[in-house]
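Undergrad: Given next are the chains, with one letter for each unit.
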Amino acid sequence: MTGPAGVGAGAGRTMVGGRERGLPAVGGGAGAVIISAAPGEGPAVRFAASA
Amino acid sequence: MARSALTANVARRAYERAGLGPEELDVIELHDAFTIAELMYTEALGLCGPGEGPWLLEHGDTSLAGRVAVNPSGGLLARGHPVGATGVAQLAEIFWQLRGQAGRRQGQPRRVGLTHTTGGGIAGYDHAACVIHVLIRDQKR
Numbered sequence: 001m002t003g004p005a006g007v008g009a010g011a012g013r014t015m016v017g018g019r020e021r022g023l024p025a026v027g028g029g030a031g032a033v034i035i036s037a038a039p040g041e042g043p044a045v046r047f048a049a050s051a
Numbered sequence: 001m002a003r004s005a006l007t008a009n010v011a012r013r014a015y016e017r018a019g020l021g022p023e024e025l026d027v028i029e030l031h032d033a034f035t036i037a038e039l040m041y042t043e044a045l046g047l048c049g050p051g052e053g054p055w056l057l058e059h060g061d062t063s064l065a066g067r068v069a070v071n072p073s074g075g076l077l078a079r080g081h082p083v084g085a086t087g088v089a090q091l092a093e094i095f096w097q098l099r100g101q102a103g104r105r106q107g108q109p110r111r112v113g114l115t116h117t118t119g120g121g122i123a124g125y126d127h128a129a130c131v132i133h134v135l136i137r138d139q140k141r
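In the order they appear, the protein sequences are chains A and B. All residue numbers in the first sequence are consecutive under my numbering, ending with 51. All residue numbers in the second sequence are consecutive under my numbering, ending with 141.
Source of the hints: derived by calculation from the structure; they are not laboratory data. Here a beta-carbon is modelled for each residue, glycine too, at the ideal position from N, C-alpha and C. Some hints could be false.
Stated by the list, open to error - To give a feel for the contact side, a few chain B residues facing chain A, derived at Cβ under 8 Å:
#1 Arg13
#2 Ala14
#3 Arg17
#4 Ala85
#5 Phe95
#6 Leu98
#7 His133
#8 Val134
#9 Leu135
#10 Arg137
#11 Asp138
With the hints as constraints, model all of the structure from the sequences given.
TA: Put into structure tokens, the structure is as follows:
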């Protein structure tokens, strides 16, 4: 990881580098997305499910 | 407690919500606070049948080069277990693994990862709490 990952809580929020950017969330479930602090450096990782 | 019904039940719910099964997992960080735990939880997570955990380990299925890498970070016993921070460390490791940024721990490319943490039980009984996250690398990026 090249920078701090944003871990979003709550449906539909997309966090980049710990800050909400208003981007569309990827996938369903918790709706939280982790993206690198430097978009474009690599694939995003999303929560598919939590239980 | 040689079987964890709690972990098995929570895993089943997580797989249902994610729309996938344990056979699709590429990498796992599980709660191995004790030496027996990896064997118990590989079975409870459905990576193998009851009693087959040792076979899975002996045949290298859970190694970095295996079909599903288990605790590439070293797990709780090797990396450390600072309780609350353990769950964050598990998520960070899976995040790095799915993005191909885990360095010498990387092994092969991975798409689906899982974190598992559990605790709060009484000796001889199952645990009181268990949380499982399933994470997927976004193919569109």
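Undergrad: Hints broken by the structure, by number, lowest first?
TA: 4
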